[in-house]
Amino acid sequence: MGEFLLVTIQVDMHDQLALRLQDDLTSAIEKKSAKGVLIDISALEMVDSFIGRMIADISGMARILDAKTVLVGMQPAVAITLVELGLSLPGVLTALNVERGMQLLRRVLNDVGSDDHFIQR
Amino acid sequence: MTTSSSGELPLLTEHDIVLGRQSVRRLAQEQGFSLVDQTKLVTAASELARNAVVYGGGGTLKWEILTEGIKRGLRLTFSDSGPGIADMSLAMTDGWTSGSGMGLGLTGSRRLVNEFDIESTVGVGTRVTVTRWK
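So the sequences go chain by chain: A and B. Residue numbering for the first sequence follows our numbering, beginning at 7 and increasing consecutively. Residue numbering for the second sequence follows our numbering, beginning at 2 and increasing consecutively.
Hints in this document: simulated from the structure, not taken from any laboratory. No experiment lies behind these values; they were computed from the predicted model shown. Check each hint, because a few of them may be wrong.
[Unchecked claim] Straight-line C-alpha distance at most 25 Å; calculated SDA-like pairs for lysine to any residue:
id, chain 1, residue 1, chain 2, residue 2
1, B, K135, B, I66
2, A, K37, A, I86
3, A, K38, A, A62
4, B, K135, A, D21
5, B, K72, A, A83
6, B, K63, A, M19
7, B, K135, A, I86
8, B, K63, A, R26
9, B, K63, B, G126
10, B, K63, B, R128
11, B, K63, A, D18
[As the list claims (entries may be wrong)] With beta-carbon atoms standing in for the labels, derived distance ranges:
id, chain 1, residue 1, chain 2, residue 2, range
12, B, R27, A, Q109, 34 to 40 Å
13, A, G66, B, T3, 46 to 52 Å
14, B, K72, A, A34, 45 to 51 Å
15, A, N103, B, R73, 19 to 25 Å
In this text, a Cβ means the ideal position worked out from N, Cα and C, and glycines have one as well.
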């Protein structure tokens with residue numbers, strides 16, 4: 007039985023807070039046996055290289071813990087800036103919003119041969 | 002070119018980085034920068050403020066509203082009295098980092114502004130000045 011975790015980042019995080027999120031999230035993946043993580047950054051007005059790296063790291067850590075991460079809700083201005091900054095977030099799955107992110111997670115998890123019915127709606 | 006207003010903020014702690022980018026956001030909004038331009042300036046400010054705090058051991062952020070003819074601009078100067086940068090061409094290489102970052106701070110922020118200037122002396126400190134015109 008697996009479930010999804012939804013993390014909504016609501017505040018302009020200072021660096022230590024971003025690192026704590028990493029710790030808390032990896033603990034939660036383990037505790038809940040989560041198969042998927044959605045990180046909603048629609049409220050974030052800026053993603054710099056530190057936050058970008060934190061997101062990429064969470065995705066990598068989750069993968070090692072056998073969970074997929076989808077980053078959702080990035081504002082267009084943030085996306086434009088990130089690419090110009092030189093950060094393309096390789097290996098991080100993205101979707102336009104939470105709903106599409108859920109669809110993507112289900113598809114990705116089904117593709118790797120998981121049981122069709124393990125996701126609770 | 003004239004400076005119509007200016008101010009200075011401390012960059013000593015991680016919290017100052019957050020306050021710094023919030024101030025830059027507000028200033029860019031007041032000057033009527035587009036959302037994309039605001040985001041670029043704020044992101045560059047965040048990178049450079051972090052450099053000053055983490056590698057420079059703290060410093061200051063000076064902001065200036067510039068007018069040149071009908072053009073308006075926002076200039077940000079990040080100064081620290083840290084160890085300085087010994088090899089500037091290496092520091093300005095994408096992906097090179099002396100610390101735990103991704104090595105995008107200097108090169109990435111240069112791409113987000115219209116003007117970028119860096120001066121650094123080993124043992125004295127580093128000053129980075131960026132300007133974005135509207």
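To see whether the hints hold, each was checked on the structure:
no.: 1; hint: K135(B) / I66(B); result: holds, 11 Å
no.: 2; hint: K37(A) / I86(A); result: violated, 36 Å
no.: 3; hint: K38(A) / A62(A); result: holds, 21 Å
no.: 4; hint: K135(B) / D21(A); result: violated, 30 Å
no.: 5; hint: K72(B) / A83(A); result: holds, 23 Å
no.: 6; hint: K63(B) / M19(A); result: holds, 22 Å
no.: 7; hint: K135(B) / I86(A); result: holds, 17 Å
no.: 8; hint: K63(B) / R26(A); result: violated, 30 Å
no.: 9; hint: K63(B) / G126(B); result: holds, 16 Å
no.: 10; hint: K63(B) / R128(B); result: holds, 11 Å
no.: 11; hint: K63(B) / D18(A); result: holds, 21 Å
no.: 12; hint: R27(B) / Q109(A): 34 to 40 Å; result: holds, 38 Å
no.: 13; hint: G66(A) / T3(B): 46 to 52 Å; result: holds, 49 Å
no.: 14; hint: K72(B) / A34(A): 45 to 51 Å; result: holds, 50 Å
no.: 15; hint: N103(A) / R73(B): 19 to 25 Å; result: violated, 35 Å
When the structure is compared with the earlier hints, violations turn up for hints 2, 4, 8 and 15 and for no others.
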